[in-house]
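Enquirer: Residue numbers (the numbering used here), protein chains in the order written: chain A, 1 to 206; chain B, 207 to 326; chain C, 327 to 495.
Any given hint could be a false lead.
So the derived label-pair ranges between C-beta atoms look like this [claimed, not checked]:
(1) C:Val492 x A:Gly102: 23 to 31 angstroms
(2) C:Ile329 x A:Glu106: 51 to 59 angstroms
(3) B:Asp243 x C:Met494: 41 to 49 angstroms
(4) A:Lys86 x C:Leu484: 20 to 28 angstroms
Bear in mind the hints are in silico, worked out from the structure with no lab data behind them. It should be emphasised that the depicted structure is a prediction, and the values quoted were computed from it without experimental measurement. Just so it is clear, CB atoms sit at the ideal spot from N, CA and C, and this is done for glycine as well.
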Amino acid sequence: MGKSLDSLDAFQLEALREIGNIGVGNAVTSLAEMLSKKVDMEVPRAGVLPLQEVMALVGDEEDEFACIQQIIEGEAPSLMIFLLEKESALYLVDMMMFKDKGSTQELGEMEESLLKEVGNILSGSILSAFSQMTGITFSMSVPAYAYDMLGAVISTAIVEGGYYADKVLVVETCFSEASEEIRGYFFILPQVDVLEKMLASLGINL
Amino acid sequence: MAKKVLIVDDAAFMRMMIKDILSKNGFDVVGEAADGDEAVEKYQELNPDVVTMDITMPEKDGITAVKEIMAIDPAAIIIMCSAMGQQAMVMEAIQAGAKDFIVKPFQQDRVIQALQKATA
Amino acid sequence: MTIQEPEVEIREYKVGIAQWDVAVSPHKLITLGLGSCVGIALYDPFAKIGGLGHIMLPDSTQFTRNDNKGKFPDTAIPLILEKMVREGARERAVRAKIAGGAQMFSTADKKYMGSIGSRNVEKTIEVLEGMGIKITAKEVGGKNGRTMIFNTLDGSVLLRVLGKEVKML
Chain A
1 MGKSLDSLDA FQLEALREIG NIGVGNAVTS LAEMLSKKVD MEVPRAGVLP LQEVMALVGD
61 EEDEFACIQQ IIEGEAPSLM IFLLEKESAL YLVDMMMFKD KGSTQELGEM EESLLKEVGN
121 ILSGSILSAF SQMTGITFSM SVPAYAYDML GAVISTAIVE GGYYADKVLV VETCFSEASE
181 EIRGYFFILP QVDVLEKMLA SLGINL
Chain B
207 MAKKVLIVDD AAFMRMMIKD ILSKNGFDVV GEAADGDEAV EKYQELNPDV VTMDITMPEK
267 DGITAVKEIM AIDPAAIIIM CSAMGQQAMV MEAIQAGAKD FIVKPFQQDR VIQALQKATA
Chain C
327 MTIQEPEVEI REYKVGIAQW DVAVSPHKLI TLGLGSCVGI ALYDPFAKIG GLGHIMLPDS
387 TQFTRNDNKG KFPDTAIPLI LEKMVREGAR ERAVRAKIAG GAQMFSTADK KYMGSIGSRN
447 VEKTIEVLEG MGIKITAKEV GGKNGRTMIF NTLDGSVLLR VLGKEVKML
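All chains should be built: construct the whole structure from the sequences, respecting the hints.
Expert: Structure (structure tokens):
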């Protein structure tokens, strides 16, 4: 039986943060390629947080966000959540479709498909990095999409992803395109045993 | 004569993008499929010269679809085009019969060259 | 000389996910961003006492470690009711209004288990009916997130939904 979340210490969380850092770094590189622009990321935060605090990392409960969720199955079950605030989502669509900023006013079917695909590519990059580091092979579900109040999308993404505990293990980072106009948030929620497995594969034992 | 292409990807946006790139570079996109089942069906129906194939799809994933298409037509030319760039995945796809593997995000040239080389 | 009653400042008590709270008139209880979760407003119209819960999972008996009683309707509702009664409410007078339980996500994958919302609604109704609490209004299912503002002054529940008119329950 794996350790409980509360027993993770600072060293383990730091390791997780570093793994997350490398993973998201890869994702950000992919995003930069897709946009042909420079993308920066913040140093990731890793922690064991109550669900409510997870939401507070990003915004207020009623803020409008696009959310792409993917469930990672197999040896290392985890959850990936990618969040974009309304304006960022619209601008990202404009950029990816080579339209002028402000062209996209609404997120319809094609825009939804685009955002799901961006989330998909970013997750793929993260998993490739993880896989290279740990030798574990991950498999991903088809992305799921929602656009609504932040509280509603995050809580549902987490519960429907199979995470029922009061606290979740989270690696969170925020990235932005050079002029700050696209801000996206990535949450990686690994099951506790996954962390053990990943650290073990790197020679770190819990 | 332009080579006929079948594009397989669950994201409408991605199918649109690939179709755009290929049409402008001498390929004739004859069909699209959004999942592995549809991919196998359309392959038999349209008999394309080359297929671009995603991996993560509903109903049936891309690698399974490759195996089924290769079983029907051992001469099938399939180029993987996926967000999943993990080593194990690439190997599995090639072993299943894919001729090349493009990781998303990709440069336009990469896709064009891969298809041109495979259908030469 | 007229003696003026000091004006009571109406407070809004926020109820977060898996939490609950009780308030007396004229204060409000509010829970924001209900997705697959269900908001449960309980009200005694005579005593003007209200309780609001925000449950996230259907059934506490399916989990061995269910120390947070606010998460499930079967554990949360009795607790809310108990507190309301301690504050002066009469159990038999209590009515309920519920909202939430949406299917938020869309995906091409038909195997996607997006049923937690509807199960939450089912179980909530089951618990309320089992306790003899009448449900006087419900706004459940669908695909939208909801915010519930519960006014203990009159038992009304205001619902906010993105891109739509507010609705009064």
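Enquirer: So, for every hint listed, does it hold in this structure?
Expert: Now the hints, each set against the structure:
no., hint, verdict
1, C:Val492 x A:Gly102: 23 to 31 angstroms, "holds, 29 angstroms"
2, C:Ile329 x A:Glu106: 51 to 59 angstroms, "holds, 57 angstroms"
3, B:Asp243 x C:Met494: 41 to 49 angstroms, "holds, 47 angstroms"
4, A:Lys86 x C:Leu484: 20 to 28 angstroms, "holds, 23 angstroms"
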